[in-house]
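> Under our numbering, the residues of the sequence shown are numbered 1 to 176, in order.
Honestly, the hints are just simulated from the structure, not real lab data. In this text the structure is predicted, and so the values were computed from the model without any measurement. Where a beta carbon is used, it is the ideal one built from N, C-alpha and C, also for glycine. Where hints are given, some of them may not hold.
[To be verified] Simulated restraints on C-beta separations: (1) L154 to T58: 17 to 25 angstroms; (2) R132 to D7: 22 to 30 angstroms; (3) L154 to D53: 32 to 40 angstroms; (4) I77 to E131: 25 to 33 angstroms.
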Amino acid sequence: MRAIDHDGLLLCRIQGELFATSAAHCRCSSPVFIRRFMNSTVARRMDSDRFLDESDSTESLYAELEEQYGPSAYGTIRYDAEVLYWMGYLYRYWAYTREKSSASIYRTIPGRELVGQFAPLHTLDPDQAIERLLEARGLNDAEGDLTSRGVQSLRRLRTQSRYDYAVVNLYPAKDA
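Sequences are here, hints too, so could you generate the full structure?
This is the structure in structure tokens:
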């Protein structure tokens, strides 16, 4: 886990603003925008340390998202700008400090679930909010996401060189 620094806070603000203005800028619903963004090339670029070296305006980021996914007017649910800002800020804070991809964080807690946590968690420090979200899911930072835990389990089995096999007879013999 890395500490938040000036670059991290700047990325959090950029993503928060992008989320907050999405309600007015995008024709699709807020949940659709969040899903598209968190799985987009823009989010992958923000996950890397090179994003701040590029000079992208919010308009060009929206254009890149629309180019990747195409225009959409799907859905009618619109979240409040303050809620969207918090969600964008928290998702980026989580990705930056835990050094996880935006897509894996979105798989851990999708936007439709995170929006329901705004009221109880928005006044907390982002680290505390993330810890509470992980606790509610039965996860902790040391365990990581489900994919990482699965890979760790497979590696542990491989290094132990111990495999247990079970034979299951799917077609029982018929009595003649």
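> Do the Cβ positions of R132 and D7 conform to the proposed distance bound of 22 to 30 angstroms?
Between R132 and D7, where Cβ atoms are some 25 angstroms apart, the hint holds.
> Holds or violated: the 17 to 25 angstroms window for the beta-carbon distance between L154 and T58?
41 angstroms, violated
> Starting from the range 25 to 33 angstroms, see whether the pair I77 and E131 falls in it by beta-carbon distance.
Hint holds: Cβ distance 28 angstroms, inside 25 to 33 angstroms.
> CB of L154 to CB of D53, is that within 32 to 40 angstroms?
36 angstroms, holds
Of the numbered hints given earlier, the model fails hint 1 alone.
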